[in-house]
Amino acid sequence: MSSGKKTNLALKLGKSKPEEFDALVRLATDTGMFKKLEVKVLGELLRDWHTSLAKEGHICCTLKESDGTPVGFVYHAPAVMTKGTWHLYWLVVDKNAQGRGLGKRMVRYAEADARKRGGHHLLAETSGTARYASTRTFYDKVGYSVEARVRDFYAPGDDQVIYRKDLRR
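Start counting the sequence shown at 1; every next residue gets the next number (this note's numbering).
Since no wrong hints were added, every one of them can be taken at face value.
List time: in silico DSSO-like cross-link candidates among lysine-lysine, alpha-carbon distance up to 27 Å:
hint: 1; residue 1: K15; residue 2: K35
hint: 2; residue 1: K95; residue 2: K141
hint: 3; residue 1: K95; residue 2: K40
hint: 4; residue 1: K40; residue 2: K15
hint: 5; residue 1: K116; residue 2: K15
hint: 6; residue 1: K55; residue 2: K116
hint: 7; residue 1: K35; residue 2: K95
hint: 8; residue 1: K12; residue 2: K95
hint: 9; residue 1: K141; residue 2: K35
hint: 10; residue 1: K95; residue 2: K17
hint: 11; residue 1: K104; residue 2: K12
hint: 12; residue 1: K55; residue 2: K17
hint: 13; residue 1: K15; residue 2: K95
hint: 14; residue 1: K40; residue 2: K104
hint: 15; residue 1: K17; residue 2: K116
hint: 16; residue 1: K95; residue 2: K36
hint: 17; residue 1: K17; residue 2: K35
hint: 18; residue 1: K83; residue 2: K15
hint: 19; residue 1: K83; residue 2: K116
hint: 20; residue 1: K55; residue 2: K15
hint: 21; residue 1: K83; residue 2: K104
hint: 22; residue 1: K116; residue 2: K104
hint: 23; residue 1: K15; residue 2: K104
hint: 24; residue 1: K40; residue 2: K17
hint: 25; residue 1: K12; residue 2: K55
hint: 26; residue 1: K141; residue 2: K116
hint: 27; residue 1: K141; residue 2: K15
Quick list of the computed label-pair ranges, beta carbon to beta carbon:
hint: 28; residue 1: D67; residue 2: D152; range: 42 to 48 Å
hint: 29; residue 1: A10; residue 2: D152; range: 43 to 49 Å
hint: 30; residue 1: K17; residue 2: A130; range: 34 to 40 Å
hint: 31; residue 1: D152; residue 2: D48; range: 26 to 32 Å
These aren't lab readings, by the way, just hints derived from the structure by calculation.
Ideal Cβ placement from N, Cα and C applies to all residues, glycine included.
Sequences are here, hints too, so could you generate the full structure?
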């Protein structure tokens, strides 16, 4: 994993590869933000993405240091049965590399990619608990606004907060 703060000059963002999937699952686990079930679903999603979901327009990209070490990844896809609605399903940055603008870089990539593919807005969802306050602050800072809040969605006292970014502006 990455250690300390480094410059972002040598980082490369490219299509994720099957041999990176274990490292991406580890990145998600090591952040301490995701439940075991979420990490399990991520592993399944990555396998499905490689075998079939990429054909449906799902995009998974890994951000790597110059030595090839993954420091983050972004997964986004068009919403089924919509015209122009996209989801930002996963955005993960190595806990030791946070605060370097990597999350913002990957979000901007997902926005540009969705826009290029006819997307007019991008949705991201997160938890409303105190544990996810920094995630909600991040989305605010990168220009997303709260579109909806579903009370007790994940569990009693754990709301789903849905953020939206208009890609036409």
